[in-house]
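Participant: Chains as they are written, first to last, in the working numbering: chain Y, 1 to 782; chain X, 1 to 117.
Honestly, the hints are just simulated from the structure, not real lab data. Do not take every clue at face value.
Heads up, incomplete: computed chain Y residues facing chain X, CB under 8 Å, no partners named [as the list claims (entries may be wrong)]:
1) His411
2) Tyr423
3) Ser425
4) Ser426
5) Met430
Here are the simulated distance ranges between beta carbons [stated by the list, open to error]:
6) Asp553/Y / Asn21/X: 49 to 59 Å
7) Pro10/X / Asp553/Y: 48 to 58 Å
8) Pro24/X / Leu634/Y: 38 to 48 Å
9) Tyr456/Y / Pro10/X: 25 to 35 Å
10) Pro10/X / Leu603/Y: 33 to 43 Å
So, partial list: chain X residues that the calculated Cβ filter (under 8 Å) puts toward chain Y [what the hints assert, rightly or not]:
11) Asn9
12) Asp12
13) Arg18
14) Tyr19
15) Thr22
16) Ala80
17) Arg82
18) Thr83
19) Pro102
20) Thr104
21) Thr106
22) Ala109
23) Ser110
Ideal Cβ positions, reconstructed from N, Cα and C, are used throughout, including at glycine.
Each chain, written out:
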Amino acid sequence: MTTTAQPTSSKRVGTIRAALVIALVLAVLIPVGINTAVSVTNNITTAQDDAFTQLSAVAALKNAQIENWLNDQQTILNGVLTDSTINWVLPISNFPEFTGDSAIRLRSHFDGFVGEGRSFDALFLVDREGVVRLSTDPTMVDQPLSGGLDLERAWAENMLIPPAVDAADAAPMITLLRPEVDSLDGTVLAVLGARVSLQALNQVLQDRVGLGISGQTYLVSDELRLLTSSFYDGYPLGTTVNTFATQGDADSTTGRRGLYRDFRDVDVVGVSLPVSSLNATLVAEREQNETFASAFQALYNSLLLAALSVVAAVLVGVWLANRRILQPLSKLTAASRQITGGDLNATADIHSNDEFGLLADTFNSMTGQLRKSIDTLEERVASRTVDLQKAQERAEEASKAKSLFLSNMSHELRTPLNMVIGYTSSMLHMPQMYNNQPLPEIFRADIKLIEENGQYLLGLINDILDLSKIEAGKLTIQPTATTVDTIINGVIATGIGLLKDKPVQIRPQMAEDLPPVWADPMRLRQILLNLLSNAIKFTDSGTISVSAQVKDDRMVFAVTDTGIGIPEQSLAVIFDRFQQIQQKATIQGTGLGLDISQRLAQLHGGEISVESTVGQGSRFSFSIALASDEQIALSHDTLPTLQRSVKVLRPASIPLSEQAMVLLLEDYAEERTQMQTMLEEAGHIVVNATDGAQALDMATTLLPDIIVLDALLADMNAAEFIERLRSNDIAAHIPVLLLADDLNLSQPLSASVALRLRKPVDQAALMDGVQHVLNTRATIGA
Amino acid sequence: MRILYLEDNPNDATLMARYINTTPHELVVVSTLEDAYAVVNQGFDLILVDLLLGDERQGYTFAQALRQHLYQQPMVAVTALRTAEDEALCAQLGFDYVLPKPFTITTLASLINAYAA
Chain Y
1 MTTTAQPTSS KRVGTIRAAL VIALVLAVLI PVGINTAVSV TNNITTAQDD
51 AFTQLSAVAA LKNAQIENWL NDQQTILNGV LTDSTINWVL PISNFPEFTG
101 DSAIRLRSHF DGFVGEGRSF DALFLVDREG VVRLSTDPTM VDQPLSGGLD
151 LERAWAENML IPPAVDAADA APMITLLRPE VDSLDGTVLA VLGARVSLQA
201 LNQVLQDRVG LGISGQTYLV SDELRLLTSS FYDGYPLGTT VNTFATQGDA
251 DSTTGRRGLY RDFRDVDVVG VSLPVSSLNA TLVAEREQNE TFASAFQALY
301 NSLLLAALSV VAAVLVGVWL ANRRILQPLS KLTAASRQIT GGDLNATADI
351 HSNDEFGLLA DTFNSMTGQL RKSIDTLEER VASRTVDLQK AQERAEEASK
401 AKSLFLSNMS HELRTPLNMV IGYTSSMLHM PQMYNNQPLP EIFRADIKLI
451 EENGQYLLGL INDILDLSKI EAGKLTIQPT ATTVDTIING VIATGIGLLK
501 DKPVQIRPQM AEDLPPVWAD PMRLRQILLN LLSNAIKFTD SGTISVSAQV
551 KDDRMVFAVT DTGIGIPEQS LAVIFDRFQQ IQQKATIQGT GLGLDISQRL
601 AQLHGGEISV ESTVGQGSRF SFSIALASDE QIALSHDTLP TLQRSVKVLR
651 PASIPLSEQA MVLLLEDYAE ERTQMQTMLE EAGHIVVNAT DGAQALDMAT
701 TLLPDIIVLD ALLADMNAAE FIERLRSNDI AAHIPVLLLA DDLNLSQPLS
751 ASVALRLRKP VDQAALMDGV QHVLNTRATI GA
Chain X
1 MRILYLEDNP NDATLMARYI NTTPHELVVV STLEDAYAVV NQGFDLILVD
51 LLLGDERQGY TFAQALRQHL YQQPMVAVTA LRTAEDEALC AQLGFDYVLP
101 KPFTITTLAS LINAYAA
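Based on the provided sequences and hints, a complete structural model is requested.
Facilitator: As structure tokens, this is what we get:
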């Protein structure tokens, strides 16, 4: 199972992995981050504190060195004038000009303290008026001492005048003053002053002990001027220094300390101490870069460690997730897919001791259970299938046995029936088989009854056989283009035979030139005959009509009677097998006929429907499709090699060209049947009529070739019938063969009657007569 | 017309003989397949065959054998077998016609007349 085939699931796996990575990164980053932040903060604080301590110490030390230096300078100044030399100063107060020997000597003495490599920049004496009387710097002589000298204080004690620097690049100087006292009387003779360059302090301040690489110490005047050289080039003496270190009042002991920008605009850690004797501030600074370098290094290390930890955690986590979660998951997924695909033998191959192992075990046992269930199910299905097959085989055997039984029974019933029907028909119709002895009339009715019941029994057997064919699905029809009027006339002729002496008229209702239908003629006849015989059974008097009517592309057949009718509640069940409306005790039948007719109609694409009113009659109708032009052509092309029923057999005793339609008008049923049989045996088509009015109807609709007329009619005499026939526009030409007994035979042959025969007539005479009339007609016609 | 009738039911054979005797035709009745084969070449104009001899449909065998030997004369099945299969088989094996039992004597007469013409 490839992952490319399942893009959605691989996407899902990726999501889990990403979530795991994020979770692991967070899990590692949060503590490491906090730890790093705390330790870096600690490091920075520690480094800052260390820096402050160091710088404070350095500042304090240098402050002390400055004080020492100042004291040293004061001490040197104190030693300038000794007991032996002090006298040289005496004249200063007594003479307006201090130019005598004393002055010269003193001046020379002073020179030994001044200049390069000496202590002072200048030595001088100031008188009581504050005017410089003697100086190594000639520019000072006779000038008042600049710098706002407090004469009274200078006369009383040693003084230090702080440097006055007001321009860049000025050499900062301090002035030390000492009152010189007459050793004899203790009066102050003059003030000895020394101008001292602060350059000497540079050495002290630039000592780098405790300052690291970037540190420096320097003095800044209260006027914010740089008093000593900077460690860094480009910042000459007198440069303005206005920083955190020089702003505000620094505590005299601890000073100020802080992180800030120095005069170079560089971030520094700084400590400043006031040097009050110099009116200046001592600043000790070190760059923050250097100060916090170790802390930043530690931060960098921590960050590197954190990054490494994250990478390591992610790698380990993803590896573990892959191994412990994703691989088991994909194995489970693959197994699920295989099972979904129908491979129930698929298992999830996971042997870890964690939840996935447990899940896989459960999953596998579930699959196993499922497999077992399905196997069981399949076994059951297979077993059921075998059962069903056996049952089906049994059913088929039973069906075969039933068919065989029916066919055997049919055969076995028909065989004895052949004797009944064969001999009764022989006795009734074939006297030559009995040495031409006529059947005694006393037996005729009974033998006829035997024959009729034999035929009835045969009909039942045929119905049962049809039914078994229907049930076996073997009832088929062989449709052909079928002419309707022939069939309807045939059916009516047979129906008249069934009427016996019932006062019922059977009439066809159909237009001329009806188009053929696509039907099996034998089966169509069977349907119509069944409907008609039903109508006859349930109609005691009145009229039964058999109609055919074209409606759209179908032919609607209907049999309408004036019989007892069917109750509404029975209409729905009359097509059910074995149903028969038991209103008439004399009705015979199995009730199979209508069911079979319905099946036959359905095989023709129709459906028999019924309308009925109790006491008024019923109408059974169905429709069959008209034969198409192709079907008509087809029917003409292929003639069936085997005619399937003797009923449609065309006996060859007369040529087909001489076959005629005979309208037989005879109200006595027995004679009608005899003559019908004779005519049909000869190959003619016989249409029966039982009274004159009916015969006139049929003559105009069917236009028979000949009318065979019994002279004695119930409703009108023969002459009246012939007269009405001749006055009919359509049927006037039809020749009439009149059957008459001796009494009537004497009447002259009317021009309206083609031939007159004496009753009773035998077959040969009847055939000869009919043939004669037909031939005459043909001759006349020619 | 000479008619051969293969029929094992003596009653049916008798009925047939009774009728044919009233006509100018000549009837030979045989009751087994062997007898039928023995006489079939004696110039019959029509052969009537009962399909079911005993319990076997030997009539089919007979008709098939005759048609396979290019026998040309008309053959008519006279039978009480009326199943759809039998009807189809009759057509297939070369019968010209089926006369179903039972039949009326007039039907039989029509058939004989038809073939005599």
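Participant: None of the hints should be skipped; say for each whether it holds.
Facilitator: Results of checking the hints against the structure:
1. His411: This interface hint holds because 4 Å falls under the 8 Å limit.
2. Tyr423: At about 7 Å, which falls below the 8 Å cut-off, the nearest Cβ of chain X leaves the hint on Tyr423/Y intact, so it holds.
3. Ser425: holds (4 Å)
4. Ser426: Cβ of Ser426/Y sits 4 Å from chain X, so the hint holds.
5. Met430: Where the cut-off is 8 Å and the nearest Cβ of chain X is about 5 Å from Met430/Y, the hint holds.
6. Asp553/Y / Asn21/X: 49 to 59 Å: Hint holds: Cβ distance 55 Å, inside 49 to 59 Å.
7. Pro10/X / Asp553/Y: 48 to 58 Å: holds (55 Å)
8. Pro24/X / Leu634/Y: 38 to 48 Å: Holds, at about 41 Å.
9. Tyr456/Y / Pro10/X: 25 to 35 Å: Holds, since Tyr456/Y and Pro10/X (Cβ atoms, about 27 Å apart) stay within the stated range.
10. Pro10/X / Leu603/Y: 33 to 43 Å: The hint (33 to 43 Å, Cβ to Cβ) holds, given that Pro10/X and Leu603/Y are roughly 40 Å apart.
11. Asn9: holds (7 Å)
12. Asp12: holds (6 Å)
13. Arg18: holds (5 Å)
14. Tyr19: holds (6 Å)
15. Thr22: With a closest approach of 4 Å, the Thr22/X hint holds.
16. Ala80: Because about 3 Å separates Ala80/X from the closest Cβ in chain Y, which is inside the 8 Å limit, the hint holds.
17. Arg82: Holds - the Cβ of Arg82/X comes within 8 Å of chain Y, reaching about 6 Å at its closest.
18. Thr83: holds (5 Å)
19. Pro102: holds (4 Å)
20. Thr104: Status holds, d = 4 Å.
21. Thr106: holds (5 Å)
22. Ala109: Hint holds; Ala109/X Cβ to chain Y Cβ min 6 Å, cut 8 Å.
23. Ser110: Cβ of Ser110/X sits 4 Å from chain Y, so the hint holds.
The structure shown violates none of the earlier numbered hints.
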